[in-house]
Amino acid sequence: MSGNDVSRHDFNRDIDRTGTASLKYDGRQSMFGAAEVIPLWVADMDFAAPPAVTQALAKRAAHPVYGYTVYPESLYESLMDWLRRRHGWDVRREWIVMCPGVVPSLYAAVMAFAEAGEPVIVQPPVYFPFFWAVTGTGRRLVHNPLRLGNNRYTMDFDHLEQCAAEASLLLLCSPHNPVGRVWNKRELEHILRIAKKHDLVIFSDEIHADLIYSGNKHHVLSVLAEASAENSVNIVTAVAPSKTFNIPGLNLSALIVPDAENRNALAQVFDTMHVSASNPFSIVAFEAAYRDGEAWLDELLIYIRQTRDFVAEYLAIHLPDIRLIESEGTYLLWLDCRALTARLGINDAQLRHFFVHEAGVGMSPGTLFGETGSGFMRMNIGVPRHIIEAALENIRQAERGAGQGMIPA
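Residue numbering for the sequence shown follows our numbering, beginning at 532 and increasing consecutively.
It should be emphasised that the hints constitute simulated quantities derived from the structure, not laboratory data. Where a beta carbon is used, it is the ideal one built from N, C-alpha and C, also for glycine. Each hint should be verified, as a subset may be incorrect.
[Unchecked claim] Straight-line Cα separation of at most 25 Å, SDA-like style, residue types lysine to any residue; simulated pairs:
1. K716 - G667
2. K590 - G632
3. K590 - S553
4. K728 - V806
[Unchecked claim] Simulated DEER-style distance windows between Cβ atoms:
5. Q693 - S809: 18 to 24 Å
6. R616 - G746: 18 to 24 Å
7. G680 - A798: 25 to 31 Å
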């Protein structure tokens, strides 16, 4: 474990989250059948939010009336300033549609841009609400699976083009959850060419765009489209401070939609569902995070990169049957456990049992992200590093026991 972390923010601090109605902690019994597992599953971090956020929330809470709200112009300005500063994207005020989280936005996009029964493209293994948003609204899933080679995932563009010939909508995860790819400029420009050729609408989930490891760069799909011959591609971009600043429970995100007809189509869907994103606390947290959270984020990125590197080294030395897929962004690691399952002769259900009941570690099973996730697990490293160290040591000890026949049939 690295001992040279120099930070104004203590990411090694243990914060007891039990009894706070935390899904990650108080939901362990229902999720895993074990209340004491080390929870490395659902995608929120165990770090305190940036001080600017907690201060803004405390100030707002001190006002004793918590009524209905409107979105102040300062909120829009904070988002536009952030996107310009961090991503070189000049967003117009009228392009922004506030919404109650990225998952509701997925559903709204599917309903707005694909008719009932029409095909919608997803790229598994992928964040599981992508599937739900399609099947739950009566649309048809079309899988364009990612390809794994040399410990890195890439897109199958030939197959994507075949899919695009019949579909009207692509749900893109950029950066990709769970495989950790930060799609490069060439890959994204290839998507744009296919989309223009087949008049494909792209919903680009860029909620992890600020969580990029050094040596990689996130390219905003709409920025690439604006700068190329593919500038007529219809793109809806989802952004939020929720993952970046660890405030997902406040449920506020934004869609950036340059095309007025597309904005109207989305607005009609939200109106039909009578969905409101208004919340006095989410508004002040959103603005404070984008205004004053940058220094905190820069330190966080160093910390989680060091944790990622620690995991990679530990696995290589002590758990060679578990391989870390090359991770370029997000605080979610994609672990290839297929050599372990092959050596132990176990299936996905038994693999999950091994981690939960033998190792005492609760991760997200790969099959949750589609059939191509079989034999994989997703690990959330957004926790103090000593917890990751303890979890890996638990797995190491459990593997030794598993080699002696401790896993039930």
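Status of the hints after comparison with the structure:
For the given pair, K716 sits about 32 Å from G667 by alpha-carbon distance, which is inconsistent with the 25 Å threshold. A C-alpha spacing of about 24 Å is found between K590 and G632, which places the hinted pair at or below 25 Å, so the restraint holds. Restraint check for K590 and S553: satisfied, since their Cα atoms lie roughly 23 Å apart, inside the 25 Å limit. Using a Cα cut-off of 25 Å, the hinted pair K728 and V806 is violated, with the two alpha carbons roughly 34 Å apart.
Taking the beta carbon of each, Q693 and S809 are about 43 Å apart, not inside 18 to 24 Å as hinted. Restraint check, R616 to G746: a C-beta distance of roughly 21 Å satisfies the suggested window 18 to 24 Å. About 42 Å separates the C-beta atoms of G680 and A798, a value inconsistent with the hinted range of 25 to 31 Å.
Hint violations for this structure: numbers 1, 4, 5, 7, all remaining hints satisfied.
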